[in-house]
Amino acid sequence: MTPAIRTEGLSKAFTLHLQGGTRIPVLGGVDLAVHPGECVALWGPSGAGKSTLMRCLYGNYGAGAGRIMLRHGAGEIDLVSADPRDVIAARRETLGYVSQFLRVIPRVATRDIVAEPMIARGVPREEALARGTALLHRLNLPERLHGLPPATFSGGEQQRVNLARGFAPGYPVLLLDEPTASLDAANRAVVMALINEAKAAGTAIIGIFHDAEVREAVADRLFEVLPHQDAA
Amino acid sequence: MTTPLLTAEGLNLHFGAIAALRDVAIDITAGEVVAIVGESGSGKTTLLRVLSGLMAPDSGTVRWLGQDVHAMGEAARRRLMRTDWGFVHQNPRDGLRLAVSAGGNVGERLMAVGARHYGNIRGEALSWLAKVEIDATRIDDLPRTFSGGMQQRLQIARTLVTRPKLVFMDEPTGGLDVSVQARLLDLIRSLSRELGLAVLIVTHDIAAARLLADRILVMRRGEVVEQGLTDRVLDDPQHPYTQLLVSSVLAA
Chain A
1 MTPAIRTEGL SKAFTLHLQG GTRIPVLGGV DLAVHPGECV ALWGPSGAGK
51 STLMRCLYGN YGAGAGRIML RHGAGEIDLV SADPRDVIAA RRETLGYVSQ
101 FLRVIPRVAT RDIVAEPMIA RGVPREEALA RGTALLHRLN LPERLHGLPP
151 ATFSGGEQQR VNLARGFAPG YPVLLLDEPT ASLDAANRAV VMALINEAKA
201 AGTAIIGIFH DAEVREAVAD RLFEVLPHQD AA
Chain B
1001 MTTPLLTAEG LNLHFGAIAA LRDVAIDITA GEVVAIVGES GSGKTTLLRV
1051 LSGLMAPDSG TVRWLGQDVH AMGEAARRRL MRTDWGFVHQ NPRDGLRLAV
1101 SAGGNVGERL MAVGARHYGN IRGEALSWLA KVEIDATRID DLPRTFSGGM
1151 QQRLQIARTL VTRPKLVFMD EPTGGLDVSV QARLLDLIRS LSRELGLAVL
1201 IVTHDIAAAR LLADRILVMR RGEVVEQGLT DRVLDDPQHP YTQLLVSSVL
1251 AA
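Chains as they are written, first to last, in our numbering: chain A, 1 to 232; chain B, 1001 to 1252.
To be clear, the hints were calculated from the coordinates, so they are not data collected in a lab.
These numbers come from a predicted model, not from an experiment.
Certain hints may be false.
[Stated by the list, open to error] Which chain A residues stay away from chain B? Per the calculated CB distances, all over 12 Å, these:
(1) Gly9
(2) Ala33
(3) Gly47
(4) Ala65
(5) Arg67
(6) Ala74
(7) Glu93
(8) Leu129
(9) His137
(10) Asn187
(11) Arg188
(12) Ala217
[To be verified] Some but not every residue of chain B turned toward chain A, in silico, with C-beta under 7 Å:
(13) Ala1182
(14) Arg1215
(15) Gly1228
(16) Asp1235
(17) Pro1240
Note that the Cβ used here is the ideal one computed from N, Cα and C, for glycine as well.
Extracted from the complex, chain A is given alone in its bound form (with noise of 0.2 Å):
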């Protein structure tokens, strides 16, 4: 069975333009592949590059050498040199992303942050507000926020919200960074429960898991990120 993302030789570097164009290589050659239904940790020492690899896996970072190979529709598609148009797509489709930080227009509902992207892969509107109210209330979000915007909500709240809005659409990839890091016991146990019935129903996880108690419930294996001098 092909993977369901797989990286070739994937390095990146970052040159700062504004101090004198220093350049900071940070991944060399990773070769990653994760095939549907199997959860990966990314694995290593804090600044060795787990956050930049997600991002990369995102498309959200540019990649300086290889190629990310997604499975996608029909195909296959490298979000190394893919049009951003088509990156746009293989995100509303297939690649979901959980990350730490909750990013959204001012004023907008939570209930119609959550339901967005299930809208924008065509769930009827009133289907979308169910399952995403129905995630809300699983991660113990109360009912009297689903109608004010996040901005004002807690960390930990936060986060629910975005893992709500990452884990309602169903995408057959999806990327956890650090997705209990805010998260008390009860709702820790929510989010272990959730990466498992995704691995069961057939998604590809990739993942940074600080908590030891996440990682060893939910990943299959772990992939080790070295700082990049170490892994040359």
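Using the hints provided, position chain B relative to the given structure of chain A.
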């Protein structure tokens, strides 16, 4: 990939010794929001004017569905501006008729494309006023009695009532209250998603561009120095000027 609605290639324009546009190329497809950012004097507004046929380039072509915009003649271009295109000006007073009621401003554009039934026109005007959150009781008031934010929303309703395929927007949220800006951003984005509207928006507001645009073009001294997926350009800028622009924005 779908065929672009508007395609421009090799656009050059000089004002005396100053290059306002240098070999600019751009295209936009249905349902896309594309932002053009850059400092004042970078050529953003000039580009918008050239793309919408208001100003002719020294060289290069602009094509609308394959047809050369600058070769089509004034009458055909005006017809486009009334039907398939809309233009939202930075100053709403440039896009509104101040001596005509709010409902008239919206209805007038419908009549310009052939609507004649008064009841339908008024009904449509009311529905668009509701979309931009202007109270129905204000339909017979003159726009000059409206606040700046309401005027801007009225201009957007007037522009969108004929269901254009492409809207050019020149700093549409500049000078508005932050709360009104947010409402307009949400409105523009949902219209693009729901109606397949293409939006070409000039702004110096990087935060607004991030929330609104699918793609972004960074201009400096008449040149597009960097372009691509909005979040990639803003989070992983490659060009020194883009890095400076992004690092100069206050985190919001």
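Now for the hints, and whether the structure bears them out:
1. Separation of Gly9(A) from chain B is adequate, the least Cβ-Cβ distance of about 19 Å exceeding the 12 Å criterion.
2. Chain B leaves Ala33(A) outside its interface by the beta-carbon criterion, the shortest separation being 23 Å against a cut-off of 12 Å.
3. Gly47(A), annotated as away from the interface, keeps every beta carbon of chain B farther than 12 Å; the closest lies near 18 Å.
4. Against chain B, the non-interface label of Ala65(A) holds: every CB pair exceeds 12 Å, the least being about 14 Å.
5. Every CB of chain B lies more than 12 Å from the CB of Arg67(A), the least distance being 16 Å, so the non-interface label holds.
6. Against chain B, the non-interface label of Ala74(A) holds: every CB pair exceeds 12 Å, the least being about 15 Å.
7. At roughly 14 Å, the least C-beta separation between Glu93(A) and chain B is larger than 12 Å, which holds for a residue marked as non-interface.
8. The Cβ of Leu129(A) lies farther than 12 Å from every Cβ of chain B, with a closest approach of about 14 Å, so its non-interface assignment holds.
9. No Cβ of chain B comes within 12 Å of the Cβ of His137(A); the nearest lies about 25 Å off, and the non-interface call holds.
10. Non-interface call for Asn187(A) relative to chain B: holds, since the shortest CB-CB distance, roughly 27 Å, exceeds 12 Å.
11. Listed as outside the interface, Arg188(A) is consistent with that label: its C-beta sits roughly 28 Å from the nearest C-beta of chain B, beyond the 12 Å cut-off.
12. The non-interface label for Ala217(A) is consistent with chain B: the shortest C-beta to C-beta separation is roughly 31 Å, beyond 12 Å.
13. Interface restraint check: Ala1182(B) against chain A, minimum CB-CB distance 4 Å, threshold 7 Å, status holds.
14. Given the 7 Å rule on beta carbons, the hint for Arg1215(B) holds: about 5 Å separates it from the nearest Cβ of chain A.
15. Checking Gly1228(B) against chain A by beta carbon gives a least distance of about 5 Å; that is within 7 Å, so the hint holds.
16. Annotation: interface hint on Asp1235(B) holds; nearest CB of chain A at approximately 6 Å, less than 7 Å.
17. Against a cut-off of 7 Å between C-beta atoms, the interface hint on Pro1240(B) holds, since the closest Cβ of chain A lies about 4 Å away.
Every hint, counting from the list given before, is met by this structure.
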